[in-house]
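**Student:** Residue numbers (the numbering used here), protein chains in the order written: chain A, 308 to 462; chain B, 5 to 81.
What the hints contain is simulated information worked out from the structure, not anything from laboratory work.
Zero decoy hints are in this set.
Computed cross-link-like contacts, DSS-like style, restricted to lysine-lysine with a CA-CA straight-line distance of at most 27 Å:
id : chain 1 : residue 1 : chain 2 : residue 2
1  : A       : 363       : A       : 332
2  : A       : 372       : A       : 332
3  : A       : 363       : B       : 77
4  : A       : 372       : B       : 77
Simulated restraints, written as ranges between beta carbons of each label pair:
id : chain 1 : residue 1 : chain 2 : residue 2 : range
5  : B       : 20        : A       : 368       : 35 to 41 Å
6  : B       : 71        : A       : 356       : 20 to 26 Å
7  : B       : 34        : A       : 352       : 28 to 34 Å
8  : A       : 356       : B       : 22        : 44 to 50 Å
9  : A       : 352       : B       : 24        : 35 to 41 Å
10 : B       : 64        : A       : 375       : 17 to 23 Å
11 : A       : 352       : B       : 32        : 32 to 38 Å
12 : B       : 54        : A       : 383       : 22 to 28 Å
Just so you know, even glycine gets a beta-carbon here, dropped at the ideal spot from N, CA and C.
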Amino acid sequence: MIFVDASVLESAIGPAGTAREEAQKFFLQSLDRGVPLVTSAVTLLEIATALESSAKSARSDFLMKLVRGRMHEVWSLEAEDVYHSQGLRFRFPDLHESGLVKLAACWRRGVEEIYTYDGILRHAASAGRRGTRVSGGDRARLAQQAWREMRNRDP
Amino acid sequence: MRERVQFLVDPAAKDRYQRVALAERRTLSEWLRRAADAAADQDPERRELASRSGLEAFFGHCDEFAERYAAWKDRRP
Numbered sequence: 308m309i310f311v312d313a314s315v316l317e318s319a320i321g322p323a324g325t326a327r328e329e330a331q332k333f334f335l336q337s338l339d340r341g342v343p344l345v346t347s348a349v350t351l352l353e354i355a356t357a358l359e360s361s362a363k364s365a366r367s368d369f370l371m372k373l374v375r376g377r378m379h380e381v382w383s384l385e386a387e388d389v390y391h392s393q394g395l396r397f398r399f400p401d402l403h404e405s406g407l408v409k410l411a412a413c414w415r416r417g418v419e420e421i422y423t424y425d426g427i428l429r430h431a432a433s434a435g436r437r438g439t440r441v442s443g444g445d446r447a448r449l450a451q452q453a454w455r456e457m458r459n460r461d462p
Numbered sequence: 005m006r007e008r009v010q011f012l013v014d015p016a017a018k019d020r021y022q023r024v025a026l027a028e029r030r031t032l033s034e035w036l037r038r039a040a041d042a043a044a045d046q047d048p049e050r051r052e053l054a055s056r057s058g059l060e061a062f063f064g065h066c067d068e069f070a071e072r073y074a075a076w077k078d079r080r081p
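Taking the hints into account, I'd like the entire structure generated from these sequences.
**Tutor:** Here's what the structure looks like:
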């Protein structure tokens with residue numbers, strides 16, 4: 308089971324660039340391999356908040372279609388996730404609130420791999436317990452940079 | 005990963021599911037999980053993106069929109 312983060316979902320339906328190529332390739336490969344993908348309601352809210360208002364309607368349609376079509380499960384936000392996330396705050400002070408909640412949710416549910424272009428979440432997940440795998444390689448690093456630029460460009 | 009999930013069914017329904025599961029040589033929880041997956045697979049959107057060609061076509065639509073949107077933004081005063 309692979310947890311797919313907002314950065315990857317957002318990139319797959321986003322503007323042209325390395326992040327989009329890499330994200331679409333990830334979805335195609337996971338389909339070929341038959342790996343179940345999961346994400347969280349927190350992730351969807353994060354993307355909906357970040358989408359440019361003039362493109363929000365079309366992009367959120369694409370997002371929902373991709374989520375309904377490819378996600379094995381979308382986790383609800385549970386009070387226990389928030390409770391656990393607060394315990395991680397001092398360990399990962401750079402990780403934003405939604406990142407803490409996602410990490411707590413992944414660890415509570417025993418996820419083996421987190422796929423993300425968010426460098427801070429990647430770092431926290433790989434530094435964490437149980438050897439949670441995070442996406443690696445040069446392409447993912449380039450995608451991470453491209454995603455950050457996309458977020459900065461699109462307010 | 006194993007997780008305990010509780011849900012309520014009336015005893016008659018539980019017996020019925022249990023019999024079907026046994027006939028298929030599955031545990032009740034395994035049978036319920038497969039039934040839930042099969043129900044989800046009936047979702048037209050899930051079926052559409054369940055093949056490589058379907059997923060590629062979907063990404064094609066996303067890319068086309070992104071290109072048109074970028075062009076529109078460039079033309080904006």
